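Student: Residue numbers (the numbering used here), protein chains in the order written: chain A, 1037 to 1635; chain B, 450 to 616; chain C, 9 to 114.
Hints are computed from structural coordinates only; laboratory data are not their basis.
Given the structure is predicted, the values throughout are model-derived calculations rather than measurements.
Just so it is clear, CB atoms sit at the ideal spot from N, CA and C, and this is done for glycine as well.
Just to be clear, a hint being listed does not mean it is correct.
Looking from chain A toward chain B, a few residues come up when the C-beta cut is under 10 Å (computed) [as the list claims (entries may be wrong)]:
#, residue
1, Cys1078
2, Pro1405
3, Gly1612
4, Gln1615
5, Ala1616
6, Val1618
7, Phe1621
8, Ala1623
9, Val1625
10, Val1626
11, Leu1629
12, Tyr1630
13, Ile1633
14, Met1634
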Amino acid sequence: MSAIPWIILFTPLAAAAVILFLGRFSKLLSAGLAIGSAAVGCVLSWWLFAQPDPGETARFYWLDFGEALRIPIGVTVDHLSKVMLVVVTTIATLVFTYSVGYMKTEEGYWRYFAGLSLFLFSMLGIVLADNFVMMFIFWELVGVSSYILIGHYFKKESAADAAKQAFIVNRIGDFGFMLGILLLWAATGTLMFSELTGRVAEFASNPIYLTVACVLVFCGTVGKSAQMPLHVWLPNSMEGPTPVSSLLHAATMVAAGVYMLARIFPILHAVPVALDVIAWVGGITCFAAALMATQQDDIKRILAYSTISQLGYMVLGVASATSADVPMFHLFTHAFFKCLLFLCAGSVIVGMHHEQNIWKMGALKNKMPFTFLAMVVGSLALSGCPLFSGYYSKDLIIEFAVVKYPFLGWLSVATAGLTAFYTFRLIFVVFLGKPKDDHAKHAQESPLVMLVPLACLALPAWVAGYGFVEKFFFHVEEPANVPHLLHPVLLVLFAAGVLSAFLLYRGADKDPVSIPFFANRLYIDNVYGWIVKNIQDGGATVLSWADRWIVDLLVVQVPSKLAWACGFVLRFLQVGNIQAYVFFFGAGVVGLLYFLIMR
Amino acid sequence: MQLALFCIFAAFTLAFGLGVVFFRSPVSSAMSLVMTFIGLAALFVTLDAFFIGVVQVLVYAGAVMVLFLFIIMLLDLRADQRRPVKLSAWAGGGIVVGGFLAILSQVVFSLPALEQTKPALANPAVNDVAQVGLALFRNFNLPFQVIGVLLLVSTVGVVVLSRRELK
Amino acid sequence: MPTLANYLIVSGLLFSIGLAGVLLRRNILIIFMGLELMLNAANLSLVAFSRFNLGQDGLPGYNAQVLVFFIITVAAAEVAVGLAIIVALYRMRQTTHVEDLDTLKF
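Okay, chain A solo, but in the shape it has when bound (with noise of 0.2 Å):
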């Protein structure tokens, strides 16, 4: 029984390895391990899910050095990590079954099928993680499973660049957020989540240690999740293949941010101050992606930025929220309708002969109704329409932020209306209208092992929001004192976003709308790149100075030189005379007989 968690752990892993020595034989045997592997996870998990929680779980104690510093390698299974098990497996048994049918054609299947199954290890590990070590090391090996996977196409340059940005911008906020850790248990001693949570009240008397530690905590998650200002790497993600993007960087890892804070909540909320810092980042993020997103022309970059702001839902909701279930609430619906829309979408690009410009397609709703109808479906619960699953978890969160944060609240209702704009802005544009490229004009519907999985996930799209699905996986409570007019204005602005997308685009050949502060990404990259070139050549500059004028001067030169002049001084003493020598020499001895013998 309570080998369970770690056969769900391990058996991606084995997949993995198999498939590296022999999938390069098979393609076959590699999808068939790695659909496997997952498959068991989903079992497993579910049935997992359906047993009361164990007490204690085996931990082997990686690194072991007694007192001072002890490492364990152990699972925790808990409500939290139960329901994160069966949204993981289940996402990933269909995704990767829709892969087989998405990299029918592509080149490096058994690489694609071996990634897929490291980084399905991975996310487990930070899954079932009970100590924050474990926790980070699986955070850095889904990095890397990120980079092998987004540079599938490593041939092509700009997916090379994206899987180094990705790495890269991750790395940084995983600076901080080891920093985190390690004040965390410099303070406490401990590094189990168990432990910390109930430890809380020891910083009492330096309420800013713990802040500064939670804030450096939360870095963590502002690189993995994409917040402001780490979000670079997430649009540039889509260079990957779309189960790629779907199933890493819509619904799983870049949840895993989420999903950390969600396990410290208790720690979070006992420092107030760290929370305004959450929620701020959180709130600017989610409106800001949204406004991004309304002027971008590539299909998986709309999702992308739609991805990053709703994660900003998450963590506005982490900060707001009385309980972790809130957000973890959003997390869930939003794995699966975002997953369903990637999935379209690449259902979209493989029928388009993998053209990603939305304003290349148009009128494929009668070429692929299947994928028309799903994306429809997918987008109403992304838009918040009621009676879909978004609906219910997105308001949540923006009840408890109007109550908490009114500014940040107001700021994601109007997040809401951009939300639905954009979302069938897509719609109007890629489905409707004239065809507007020869792709366009002869596309197809895709294979059934690619509709299948669209069929399942757009069934939990759908009903994942509703009462009965969400006791069964969470409890959340209502707040108080949310403003009435809150419900009206949402639906509202949902009926706007929708009306004002179909007034703008129905038939329309190109965007009527320019914004290039928006289309530019609100020149963000820019001033990345104005900061690499500029302060780290400077640095590099000032260095190098340093080196040449202090360094070499002070280390260098100065013992050569003394090294030279002692020389030349000492030269003198060779005066070629063999007498002049023995004299040296007797004079040498005869001055240490006396030093010996007579001292």
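The hints should help you fit chains B and C onto chain A, whose structure is shown.
Tutor: Quick look at chains B and C alone, frame taken from chain A:
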């Protein structure tokens, strides 16, 4: 009697030693050196070191000095011309030699253990050669063998160094 | 009866004479002879100590005499090699005057 013999031989040795240094002709110096070695051999005999005395005459006076004389003849050295006295050399020499003698006399006259006269031997007719041989071959066999190698090496070295075409 | 001190004084004087020869004479062969004098002075000292320090069995300490034996041997080898060098030097420079050999001057 012993003291008289000692004084004679010591004076003999020292006189010819001075001769080595002060004769201008190299041959005269070489012959003085031969006489010095013989005087030393006599002193060794007064110290009951018969074997060493004989070896001294055989090797030093017999072989080494012959070698010296051969070289003097080979190089056809003439007597040194009178050269002007170099004050710095004489001063330097005086300092070193004087210093050494001062230290030596200081040491010798301050240790009472050095004032002992020759202690009597247990067996006055000791077989000196046998004793030295035993000491050599029992306790110092390895250095003895190494000395053999050293002589070989020096032979080879001399042959190499004497080649006409040596650059 | 001559004491040990007498022998040591003689040895010391002989050594000084040799040293003076090395420092003051300018013909390289005479310098070499001075070196031989110094070695022999040391030999005299050693034999004196050997005779004056009797061992357990009333015999002189023959270790010192063995050392003298080695010194004589090594001195002979040294003379051979040294003279070979002097001959080679003479062939090159046509002089035995030590002040003419100054190529190691700075």
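Student: Determine for every hint whether it applies to the structure shown.
Tutor: Hint-by-hint comparison with the structure:
At its closest, the beta carbon of Cys1078/A sits 83 Å from a beta carbon of chain B; the interface hint therefore is violated under the 10 Å criterion. Of the supplied interface hints, the one on Pro1405/A is violated, with its beta-carbon coming no nearer than about 100 Å to a beta-carbon of chain B, more than 10 Å. The criterion of a C-beta within 10 Å of any C-beta in chain B is not met by Gly1612/A, whose closest approach is roughly 15 Å, and the hint is violated. At about 6 Å, the closest approach between the beta carbon of Gln1615/A and any beta carbon in chain B falls short of 10 Å, and the interface hint on this residue holds.
The closest approach between the C-beta of Ala1616/A and any C-beta of chain B is roughly 8 Å, which is under the 10 Å cut-off, so the hint is satisfied. Taking 10 Å as the C-beta cut-off, the interface hint given for Val1618/A holds, the closest approach to chain B being about 9 Å. For the restraint placing Phe1621/A at the interface with chain B, the shortest Cβ-Cβ distance is roughly 9 Å, inside the 10 Å limit, so the hint holds. For Ala1623/A, the interface hint holds, the least distance from its beta-carbon to any beta-carbon of chain B being 6 Å, beneath 10 Å.
Given hint, Val1625/A at the interface with chain B, holds; its Cβ is 8 Å from that chain's nearest Cβ, closer than 10 Å. Using the Cβ-Cβ criterion of 10 Å, the hint placing Val1626/A at the interface with chain B is satisfied: the shortest such distance is roughly 4 Å. Among the interface hints, the one on Leu1629/A holds; its C-beta lies about 5 Å from the nearest C-beta in chain B, closer than the 10 Å criterion. Given the 10 Å rule on beta carbons, the hint for Tyr1630/A holds: about 6 Å separates it from the nearest Cβ of chain B.
The closest approach between the C-beta of Ile1633/A and any C-beta of chain B is roughly 6 Å, which is under the 10 Å cut-off, so the hint is satisfied. This hint holds: Met1634/A has a C-beta 7 Å from the nearest C-beta of chain B, less than the 10 Å allowed.
In summary, the structure is inconsistent with hints 1, 2, 3 from the numbered list given earlier, while agreeing with the others.
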